[in-house]
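With the hints as extra help, turn the sequences into a complete structure.
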Amino acid sequence: MKNVSKTLAASVLAVSMCIGLTGCFGASKKCKEAGLEFMDLALDKEVEDMADMCTDDDEALACFGPYAADNEAVDLLLERATVEYTSNSKKDGKITIVYTVTLPDYDAAIDEDPEDIDEFEDLLDEVEGTVEIEVSLVFEEKRDEWLIDNYDDFVEDFYDELYGIDFGFQSEYEGWVATENWWGADGTVYSGDRYYLDLDLNITNEHYNDQMVYTFKVFCGGNLIYTSNSITDSGFLENYCYTDDTSLGVEYFPAGSYTFVLYDSNGVEFYSSTCTVE
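Its first residue numbered 0, the sequence shown is counted upward by one per residue in numbering that gives the first Met the number 0.
Hints listed in this document are in silico derivations from the structure and should not be mistaken for laboratory results. Since we're looking at a predicted model, the values are computed, not measured. Treat each hint with caution, since some may be false.
Derived DSS-like pairs (lysine-lysine); straight-line CA-CA distance at most 25 Å [claimed, not checked]: (1) Lys141 with Lys28; (2) Lys141 with Lys93; (3) Lys141 with Lys31; (4) Lys93 with Lys29; (5) Lys31 with Lys44; (6) Lys28 with Lys93; (7) Lys29 with Lys89; (8) Lys29 with Lys90; (9) Lys90 with Lys31; (10) Lys216 with Lys44; (11) Lys90 with Lys28; (12) Lys93 with Lys31; (13) Lys44 with Lys29; (14) Lys89 with Lys28; (15) Lys31 with Lys89; (16) Lys89 with Lys141.
Next up, the structure:
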């Protein structure tokens with residue numbers, strides 16, 4: 000009887016362990032697949048969809064938001080990137096999935112001293128070597144879903160790494176802005192009900208009559224809320240947007256910080272400024 004009991008107990012334990020391992024394997028597989036989806040979104044800088052896969056979507060969007068802006072040099076790297084699963088582990092109820100992102104050897108391209116974005120793109124297509132960045136995504140089960148909990152670490156390990164590269168070239172409009180004025184504001188502060196924001200820029204005397212082709216984007220708390228059409232102008236640049244044109248869906252701009260970022264026709268940033276709505 001004792002032997003039967005021991006055998007039964009061992010069988011129950013074996014079944015329990017098998018169920019536990021199956022559950023762990025299933026969760027790891029789900030996280031692996033979700034992580035690959037997240038990395039694909041990260042390469043496309045689809046920050047809102049990325050935030051939806053995180054434990055705190057609002058906080059995550061605030062982390063990802065600043066990287067939604069165009070940066071043509073970084074975008075060229077992301078377009079050529081590939082992602083591969085590396086490993087997974089489980090600790091304290093969380094699952095960590097590690098991926099390797101492989102990029103063209105941008106250091107070798109930069110060493111050739113490209114004069115502009117076009118030359119840099121050509122060099123990227125010629126280099127034979129690669130650069131690898133290892134990214135870890137930590138998943139936590141929340142609301143019966145496995146969601147990414149280390150979004151701030153991801154930004155530091157991946158986006159900050161890429162956006163911190165010194166590409167060695169800059170916009171041809173760099174340094175062209177002489178003075179700025181937030182029209183209707185007290186310095187950089189708007190008070191009361193504001194249904195539009197207006198950043199006016201004076202170009203230096205040296206370039207005052209030179210034609211500029213550019214776009215600008217508006218970010219609120221790091222989130223992209225407006226993208227202008229292409230603008231062709233010279234001398235005095237008036238950059239404004241109305242609430243109706245933004246993604247906010249409100250009559251007046253809510254209290255907060257608003258950053259206007261200007262990009263040349265190659266998508267390279269050449270000026271930015273921030274105002275506050277009280």
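Against the structure, the hints come out as follows:
{"no.": "1", "hint": "Lys141 with Lys28", "verdict": "holds (17 Å)"}
{"no.": "2", "hint": "Lys141 with Lys93", "verdict": "holds (11 Å)"}
{"no.": "3", "hint": "Lys141 with Lys31", "verdict": "holds (16 Å)"}
{"no.": "4", "hint": "Lys93 with Lys29", "verdict": "holds (13 Å)"}
{"no.": "5", "hint": "Lys31 with Lys44", "verdict": "holds (20 Å)"}
{"no.": "6", "hint": "Lys28 with Lys93", "verdict": "holds (13 Å)"}
{"no.": "7", "hint": "Lys29 with Lys89", "verdict": "holds (13 Å)"}
{"no.": "8", "hint": "Lys29 with Lys90", "verdict": "holds (16 Å)"}
{"no.": "9", "hint": "Lys90 with Lys31", "verdict": "holds (16 Å)"}
{"no.": "10", "hint": "Lys216 with Lys44", "verdict": "holds (15 Å)"}
{"no.": "11", "hint": "Lys90 with Lys28", "verdict": "holds (16 Å)"}
{"no.": "12", "hint": "Lys93 with Lys31", "verdict": "holds (13 Å)"}
{"no.": "13", "hint": "Lys44 with Lys29", "verdict": "holds (22 Å)"}
{"no.": "14", "hint": "Lys89 with Lys28", "verdict": "holds (12 Å)"}
{"no.": "15", "hint": "Lys31 with Lys89", "verdict": "holds (12 Å)"}
{"no.": "16", "hint": "Lys89 with Lys141", "verdict": "holds (16 Å)"}
Every hint, counting from the list given before, is met by this structure.
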